[in-house]
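Engineer: Now for the letters of each chain:
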Amino acid sequence: MARAFTLVIVASCSVTLGAAPAPPITTPDDTRIVWRQPDHHQSVTEDRYSKVRRLIEWSRQHGDLRALGQAQALLDDKALPQSLDLTVLRAVIAQRNHEFAYAQTLLLDVLSQEPTHAQANFTLYNVAFVQGNIALARSACAQLGALRFNLIERSCHFNLMALTGDATAARLAFEGLHHALRTSRRPQPIERAWASATLAELAATINHPKTEQFYLQALALANNDHYSAASLADWYLTHGKPSAALATLADRPPSDRLDLLRLIAYRQLNSPSAPALQQQLAQRFQAATMRDSELHLYEQARFLLDVTGEPEAALVLAERNFEKQKERADRALLERARQVTAAVQ
Amino acid sequence: MKTLCLSLFVCLSMAVAQAHEASTSYLYWHEQHPDSLRLDIAVTDLMVHFSAAVPEQLSWSELQSLSGPLGQHLLAGLQIQQGETACPSTSELVGITHYTGEVFASWQIQWRCPNTLRSTRLSYRLLFAQDALHRAILNREGALSSDMQLLGRTSPPVTLASTAWPLIALAIIVFCGAMVLAIRRWRRSFLDA
Chain A
1 MARAFTLVIV
11 ASCSVTLGAA
21 PAPPITTPDD
31 TRIVWRQPDH
41 HQSVTEDRYS
51 KVRRLIEWSR
61 QHGDLRALGQ
71 AQALLDDKAL
81 PQSLDLTVLR
91 AVIAQRNHEF
101 AYAQTLLLDV
111 LSQEPTHAQA
121 NFTLYNVAFV
131 QGNIALARSA
141 CAQLGALRFN
151 LIERSCHFNL
161 MALTGDATAA
171 RLAFEGLHHA
181 LRTSRRPQPI
191 ERAWASATLA
201 ELAATINHPK
211 TEQFYLQALA
221 LANNDHYSAA
231 SLADWYLTHG
241 KPSAALATLA
251 DRPPSDRLDL
261 LRLIAYRQLN
271 SPSAPALQQQ
281 LAQRFQAATM
291 RDSELHLYEQ
301 ARFLLDVTGE
311 PEAALVLAER
321 NFEKQKERAD
331 RALLERARQV
341 TAAVQ
Chain B
1 MKTLCLSLFV
11 CLSMAVAQAH
21 EASTSYLYWH
31 EQHPDSLRLD
41 IAVTDLMVHF
51 SAAVPEQLSW
61 SELQSLSGPL
71 GQHLLAGLQI
81 QQGETACPST
91 SELVGITHYT
101 GEVFASWQIQ
111 WRCPNTLRST
121 RLSYRLLFAQ
131 DALHRAILNR
141 EGALSSDMQL
151 LGRTSPPVTL
161 ASTAWPLIAL
171 AIIVFCGAMV
181 LAIRRWRRSF
191 LDA
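Protein chains in written order, with the working numbering: chain A, 1 to 345; chain B, 1 to 193.
If you're looking for bench data, these hints aren't it; they were derived computationally from the structure. We treat Cβ as the ideally placed atom computed from N, Cα and C, and that holds for glycine. Some hints here could point you the wrong way.
If you want the ones that stay clear, here's a sample from chain B, every Cβ over 10 Å from chain A, calculated [said to hold, decoys possible]:
no., residue
1, A22
2, Y26
3, Y28
4, G71
5, G83
6, T100
7, R112
8, T116
9, R118
Here are some, though not all, of the chain A residues that point toward chain B, as calculated from beta-carbon distances under 10 Å [unchecked claim]:
no., residue
10, P23
11, T31
12, V34
13, T183
14, Q286
15, S293
Among the chain A residues that face chain B by a calculated CB cut under 10 Å, a handful are [unchecked claim]:
no., residue
16, T26
17, P38
18, A71
19, Q72
20, Q82
So here's chain B without its partners, still in its complex pose (with noise of 0.2 Å):
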């Protein structure tokens, strides 16, 4: 009976709403700087997750010596690929920024893929086996629109490609559709004279 009681603890009275908003990460990439983007990460996730040994407390010149390891993780968790083939990323720790008042640490991501001007795709998978409500916002900002997309554990991978392109080729192809008619004129009126 004790045992029943105890277990029924657990859910005894309703929860409290939550206090503490669930692990996200945010990522900003622009098209300006297609090669790169920047991850904001909460410390807590890092050091929970991440570090070999969890201190009581942390500095940032700490955090700052262990930015080698942990940039390993995060780039173990963030896949940057162009059709198949992955493309070598690197990270670098740049500082802290603050969401609802809680610090995360800012990472500089940059990677090389074989074709400038092929678009890439990035495939996120941080954190989710630690924290299964753990979530990541994509901010794409391009010169001529901008998204916010959420991504989840069955988030399949998201394209990182500049909003232009679309226009340069409807460029390419009226100006194509242009040259087509200029011949035809020029050849009628050729034929005519």
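Here chain A stands alone, though its shape is the one from the complex (with noise of 0.2 Å):
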């Protein structure tokens, strides 16, 4: 079974493939409840706008990629006036769909219309810097200070310093960062909530012994950034920690990435959740490949390496995935599967 998965994901670069077999129909009782409404979808009075950052929102949180298609087409409606703040949602769906270069393109046009536009900065520096186009994020970062976003501006400066640095520029990064975080004057939440993540996440990197304190006063800040609860989990998984990674992804939306953390943490403590888990994340994946969307290969291949013990298949999908992202968690994946693919070889 999981050779056949491998199999069929490796050759998801082909569009078409073998016919698959159709799951069985069945007719149920006339009472039996078959669907409920979506949350997201109670009707409120919103222009389309709002409704455009609300769908993008609900499906950033809960990671509904029905919501994203949703927004687009409402943004795609030609009778639709157009506005700068409008392609800057274009650029964040085109950002959530992993089409960076032509979210980077949507982005660079408005600023060449209006470079004081602090959203199209802050997603331009989010697309340069997963792309690992270093000038370019430093160039939106150096933007967002001007525009008076300091601790942001001062958290992407030092994320990219550890990024392109050795260890000890990572620990001057960390060190800047957290000065500035203590003596930033009267930041708004938001900064702080951005600021106390990016630290947590340098903290993790240098392997500080506070790194999970940092990830618990972000996640104070912010409790509904899963992005620093699925690090903190795995930071937790890393050491040892399977009961406490399943703690701090509880009440988080079963997502791809955080069901392949409680998988891994069910495997830890050899709970018998693990095998339903991890046949449900293959169907995911398996329906992923069928549709070639290529926004689960950092999660497939993970997958492959830390639960089917597939490393040569994990390596392919890791190099692809990095072709098209290049952060930390990318990297490290990806230099994960070479080792692990070189050991067994």
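Dock the two chains into a complex; use the hints.
Structural biologist: Below, the structure written as structure tokens:
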């Protein structure tokens, strides 16, 4: 089963595959509830811009691609009057779909007309950072500082410093941001949350003994920051604390990344919940492969490396993932897949 | 400043990877039943995008009672053509099925084209106007081969044709060639005699 699954994944470059068997059709009892309304559909009176933003935010929080597709369809409406704000939202959707080059083009176009557009600069920083375009990330970061998002500017500055430098540079970056957070005068809560999350990530990078504490501080400022929660859970797993990882992930959405971490924790605990979750994740990845989706490459690669024990297949996907995304976690996964593959050869 | 900060919140933290699959429907066509296909579409897509009033929840009998108007929406997005002629189609809700834990409604789509021997073309346009990330996966099953094709917003119409036709055509050519050779040989032996 695992072998066949791997072959399907590796073959996913091709759009045309052999036909899949159709699942059985059943006729339920008349009274059986077959559907419940998703929360984000509840109708509220709002303009289209607000609706698109709400759908994007819902999608970000819950990993819901349907909401993202609906937001994009709303923006695709040709009758919609065009504006820079809508173009930025288009770029945000493109970023979420991993269409980074397209997102970058849209953002640069917006910034050529309005260089002080905060959201455009912020999204451009993220897009450039993900792609490993350090020069562009640096310039967008500097622009955020010019717009008086000082703590965010310090945060992205030190993040880039740690990413591009050696271990000493990473330690200096951590200390620099730590100092900036302590001395920053009345930052917006959102800036403090962002900087704290970056600080926790830098702490993990340099194996700071208080890494856990930094993550908990970041989550106390923004409990809905699932990215930091995932990073903390991952940190717990690498330090042999699967129960703490599960506690961190409790009451968070069943996204692929979070469920993968839950699965690794279950396996470390020899929990009977592991096989069912493993099967569920395998099905999700298979469905993504059928759609030719590249949104799950990191999780698929990690699934193969850490769960099914197929480092060679994992390496193929980790390399494909790294072609698109070059963040710390992507680089670390690629290096680990290379090491394990080399060890088994 | 506050407005800017609110605006920034849109992507302040990186998104977690997807929890819910993007909207996907599944089509199954078998050459033994060339004038029909099975369409599996998520109930949530039907209700959110095609239902006049979106209920908080839905029972099977309620879904059945809505099958008429829902079926019309489906037929509007599934065009079956032979050449330039549209083939009249009907839809029937036949049950439910599941994909990665999500409930899908299964529909039987049937059509009648003027020429039963000619291949037909399927133009899939369902849901793209409501969900730009929607995709369909078409499974074509033939006696000799089968394939799976991803259909997106810009996909051209796909052909639904028997995989046996190329072989039948080849057999006819071979047969005709053999006949020509046989006639030549017969003529030569006749002339020699």
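Engineer: Run every hint past the structure and note whether it holds.
Structural biologist: Verification of the hints:
no.	hint	verdict
1	A22	violated (4 Å)
2	Y26	violated (7 Å)
3	Y28	violated (5 Å)
4	G71	holds (16 Å)
5	G83	holds (25 Å)
6	T100	violated (5 Å)
7	R112	holds (23 Å)
8	T116	holds (23 Å)
9	R118	holds (23 Å)
10	P23	holds (5 Å)
11	T31	holds (5 Å)
12	V34	holds (5 Å)
13	T183	violated (20 Å)
14	Q286	holds (8 Å)
15	S293	holds (7 Å)
16	T26	holds (5 Å)
17	P38	holds (6 Å)
18	A71	holds (8 Å)
19	Q72	holds (4 Å)
20	Q82	violated (17 Å)
Of the numbered hints stated above, those contradicted by the structure are hints 1, 2, 3, 6, 13 and 20, listed in ascending order.
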